[in-house]
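Enquirer: Given next are the chains, with one letter for each unit.
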Amino acid sequence: MADLAQRKPIDVRRQAGFGTIAIACVAVLYLPIVVIILYSFNSASSLGANFKGLTLEWYRLVFADAAFFEATWMSLVIATCATGIATVLATMAALGTTRKREWTGQRAAFIMINSPLMVPEIITAISLLVFFSSLSTYTGIEFGIGKLILSHTVFCIPFAYLPIRARLEGMGLDLEQAAADLYARPRDTFRYVTLPLLAPGIGSGAALAFIVSFDDFTISQFVAGPGETTLPLYIWSRIRRTLTPELNAMCTLILLVSIALIVVGFVIANRRKSEK
Amino acid sequence: MRQSVRQEAAQTGRGGALSVEAVTKWFGTYRALDAVSLEIRSNEFFTLLGPSGCGKTTLLRMIAGFESSSEGRILLDGNPISSLPPYERPINTVFQSYALFPHMTVAANVGFGLKMQGRAEAEIADTVREMLRLVQLDHLAERKVAQLSGGQQQRVALARALAPRPKVLLLDEPLSALDLKLRQAMQIELKRLQRELGISFVFVTHDQEEALTMSDRIAVMSEGRLLQVGSPEDIYERPVNRFVADFIGETNFIEGTLDKTGSVFTTRTGAKLRVGKQGDADAGEATLAIRPEQLHLVKSAKQNTLPGAIESVVYFGTDSHVYVRCDGGLNLVVREQNSRGGVSALREGQPIHVEVPADTSRILKG
Amino acid sequence: MAAHSDIVRQDLKTQRRLTLPSVAVIFLFGLVPLLIVMAYSFMKPAVYGGVEPELSLEAYVSFLFQRDLFDDTLVFSADYLLIFLRTALFAMVATLTCLLIGFPTAYYMATRPESQRNRWVLLITIPFWSNLLVRTIAILFIIRDDGPINAGLMALGIIDAPLPILFSNTAIVAGLFYSFLPFMILPIYSSIERFDFQLVEAGYDLYARRWQVLRHIILPIAKPGIITGSVLVFIPAFGAYVTPLILGGGNHMMIGDLIALQFRAARNWPLGAAFSMILMAFVLILLILQIRKNPREALHG
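Protein chains in written order, with numbering that gives the first Met the number 0: chain P, 0 to 275; chain D, 0 to 365; chain V, 0 to 300.
Note that these hints are calculated values from the structure, not bench results. None of the values given here were measured: they were computed from a predicted structure. Just to be clear, a hint being listed does not mean it is correct.
Within a straight-line C-alpha distance of at most 35 Å, the following computed DSBU-like cross-link-like pairs (lysine-lysine) qualify [to be verified]:
{"id": "1", "chain 1": "V", "residue 1": "Lys12", "chain 2": "D", "residue 2": "Lys114"}
{"id": "2", "chain 1": "D", "residue 1": "Lys271", "chain 2": "D", "residue 2": "Lys259"}
{"id": "3", "chain 1": "P", "residue 1": "Lys99", "chain 2": "V", "residue 2": "Lys43"}
{"id": "4", "chain 1": "P", "residue 1": "Lys99", "chain 2": "V", "residue 2": "Lys222"}
{"id": "5", "chain 1": "D", "residue 1": "Lys364", "chain 2": "D", "residue 2": "Lys298"}
{"id": "6", "chain 1": "D", "residue 1": "Lys143", "chain 2": "D", "residue 2": "Lys114"}
{"id": "7", "chain 1": "P", "residue 1": "Lys99", "chain 2": "D", "residue 2": "Lys114"}
{"id": "8", "chain 1": "P", "residue 1": "Lys99", "chain 2": "V", "residue 2": "Lys12"}
{"id": "9", "chain 1": "D", "residue 1": "Lys180", "chain 2": "D", "residue 2": "Lys143"}
{"id": "10", "chain 1": "D", "residue 1": "Lys271", "chain 2": "D", "residue 2": "Lys301"}
{"id": "11", "chain 1": "V", "residue 1": "Lys292", "chain 2": "V", "residue 2": "Lys222"}
{"id": "12", "chain 1": "D", "residue 1": "Lys259", "chain 2": "D", "residue 2": "Lys298"}
{"id": "13", "chain 1": "D", "residue 1": "Lys364", "chain 2": "P", "residue 2": "Lys99"}
{"id": "14", "chain 1": "D", "residue 1": "Lys364", "chain 2": "D", "residue 2": "Lys271"}
{"id": "15", "chain 1": "D", "residue 1": "Lys271", "chain 2": "D", "residue 2": "Lys298"}
{"id": "16", "chain 1": "D", "residue 1": "Lys180", "chain 2": "D", "residue 2": "Lys259"}
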């Protein structure tokens, strides 16, 4: 009896060992990333395991590499174009599928817009290869760098569309109706009410689109023509030769770009939440 | 025509008169409104009252222009407005959710309608100040709406809808989110604003007490149909049917038959009650309706009394509700003022008689 | 009245026009290429890549059979089928491992105080959106014969010679697990996070033990998340290309590489196209099954 009374209140949510697994899980997810970042500062010139000392030599080499800059520039141009086009199209589509009536074929359009997410990347890659090469064989149309931009746009659209649509759905129609009630024509309702409230959604949609385009390897590998080397393609071409410490520095730089974008997007999303 | 409606609103500042003509609304196979016709007079405080799902909000949204009607039409001061989008109707709405713009300050919210009308900035600033003073929020002009309490948000929504001086103001259950004390204060304030500004108010509520205290006239709706339109007194004292009588305040119903002269009502147990003259009730099966406060408890049987026994007494401050079980399974509620002696002496199971005064009872069909 | 229905019609027209460009782009550069691949899978290969416009089921036949060089008879050949089966096995093992590690993690995250949960989600999200190629190279880097893991184990005296992990089946499965783990954690997390734990306390009052609570209350709650997570891991693992390319060293093929090979060195487009169609059919069946089981989750994409 006394034993019962003295027993501490149990936290029923606790499951033994789950915390350890969770921490191990995070460790596993970060271990390779942390190791590669660490070794990018390793002064040993071979890619051995021994850690000799700190150096920025590898970064110096990377920054002296003209091909690296060309590839970075190529990636930025493509990601920017694809993100721009995809975000504008996705915003329009998100408005069209949530504002304000349901139309026949809307569900089909929704599935269509999200379909790039369901196709394995390798299939998208070879189908675009087949498509563009057939196009140039049978019609003589060459897209140049446009091939990469268009290919990226296709899979960027759903990544931009989903957060924008989620935001619109969360907004309800009340505010826009209130604006129309207060003499705002559709154009003004969009400008003064819908767009400012939608901005965070557009921001996170664009950030996601940019990340997936900037990081894409598989599709670019099949679609890119000669001279259209994006950053991941350049890294691949380097890794096929020999592993050098420089490579660690390049990978670190790429990781930093993605991580910065994610953290910024996350902070925006959370500030938006706490404002409510 | 569009232009003239808006200019008139701006110039005369007189409340608009609305005509709803045989409006029917289908949502798929569900009929939300069934040939509703009503007239809302200029400068009137008009209330649409009914339980949720009765079609009152649909009708309001139709007047605002958010919903189209399947049949029928709506006129404002004689001009059809059914084909106008919301932004071309000189009608503003106070939404149930307030629908304040969260990214704008209080002042920007209130000035929004004026800005969209293309008014000069100085005029907007003046009107905003005036409106905020009117709802006693002038000190909060630069706050974001998220920083306001529910009651304050309610006032901002009101000021925002009033600022462009609409001909008609629509209010969709605007007080439902407020606590009782605040709600009562706002009821008085709304009434004052409506008188001062000379704007027709169309108020939607499911709260009969709110409707009775504020309205010039009330329309009672149920299942998409209009049951009765009249002054609060009409609706309360002379309900046209059992639904209205039951929905508006508490009512006792006694079933029985009415004789040919229309002055004697026989209950199921055979008791005869004299009733006042009934204009439209036919002889035959009928229901006698009477309010709890119109019944009286008496010690001994006399004319127009029904015998019974006290079932329970519930104390309500100024009055008590006395539940009486009469013969034939009939349960009646009698409301007695506590100031009247003897109420506290009532005991459960005590035999009693209930007097049904002839002049206040009302005979309903069926 | 006619005028108002004009407004409705106008609205619908505007909405269609807004949605059309996205649909058109995806149709033209997403669906049409897939349809071309489908058409090509029924044609004959041209010598230097591309196809001969001639109807043929050869590509599908050669998935299971080989044509004898001399008498042209069909002989059953398990080569491609084995690659498919191996791919399925790898994807399955990776999915199960992800579930085994991912479920407790997701549960632990969901039971943190609200202020900490966001930080956990961010922790899991960062690898989720980090460059897959770079992350795979990072694994390559640490599991090399002279990489930090082997060096560490040897320094501790646990092993004498480096473990040959790289370019092995283990490396591929580990790579798949590592690449897609966040896809498992996040859906399970969001299905548990919404759950009101007061119900568990009710369960406890009825003298349920912890593991009974887990089995009878938490698991049913988490089931939609588990299904979604498993599909989200299995599908990309099944179609994986980068992971076996880098960690398999070309020796341990999965379907993804097999398809890629047909469009590169082998120059047999119809065969690659047919493999793609088989893979695509597989994925579609899985997706449809998932939507059937889980219609609510499917609506969220």
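Enquirer: If you draw a straight line from the CA of Lys99/P to the CA of Lys12/V, is it 35 Å or shorter?
Expert: 11 Å, holds
Enquirer: Regarding the pair Lys143/D and Lys114/D, is the alpha-carbon distance no greater than 35 Å?
Expert: 18 Å, holds
Enquirer: Run the distance test for Lys180/D versus Lys143/D: straight-line Cα separation, threshold 35 Å.
Expert: 25 Å, holds
Enquirer: Against the 35 Å threshold, does the CA-CA distance of Lys99/P and Lys43/V hold or violate the hint?
Expert: Answer violated: Lys99/P to Lys43/V is near 49 Å, above 35 Å.
Enquirer: If you draw a straight line from the CA of Lys271/D to the CA of Lys301/D, is it 35 Å or shorter?
Expert: Within the cut-off at roughly 11 Å; holds.
Enquirer: Quickly compare the C-alpha distance for Lys364/D and Lys271/D to 35 Å and report which way the hint goes.
Expert: 18 Å, holds
Enquirer: Keeping to a limit of 35 Å between CA atoms, is the pair of Lys259/D and Lys298/D held or broken?
Expert: Holds, at roughly 32 Å.
Enquirer: For the pair we were handed, Lys292/V and Lys222/V, check the Cα-Cα distance against 35 Å.
Expert: 10 Å, holds
Enquirer: Taking 35 Å as the top limit, are the C-alpha atoms of Lys271/D and Lys259/D close enough?
Expert: Between Lys271/D and Lys259/D the Cα gap is close to 14 Å, so the pair holds against 35 Å.
Enquirer: Lys99/P and Lys222/V: Cα distance at most 35 Å?
Expert: 34 Å, holds
Enquirer: Would the pair Lys364/D and Lys99/P pass a check requiring their Cα atoms to be no farther apart than 35 Å?
Expert: 45 Å, violated
Enquirer: Given the hint that Lys99/P pairs with Lys114/D, does the C-alpha gap stay at or below 35 Å?
Expert: 24 Å, holds
Of the hints listed earlier, those the structure fails to meet are numbers 3, 13 and 16, in rising order.
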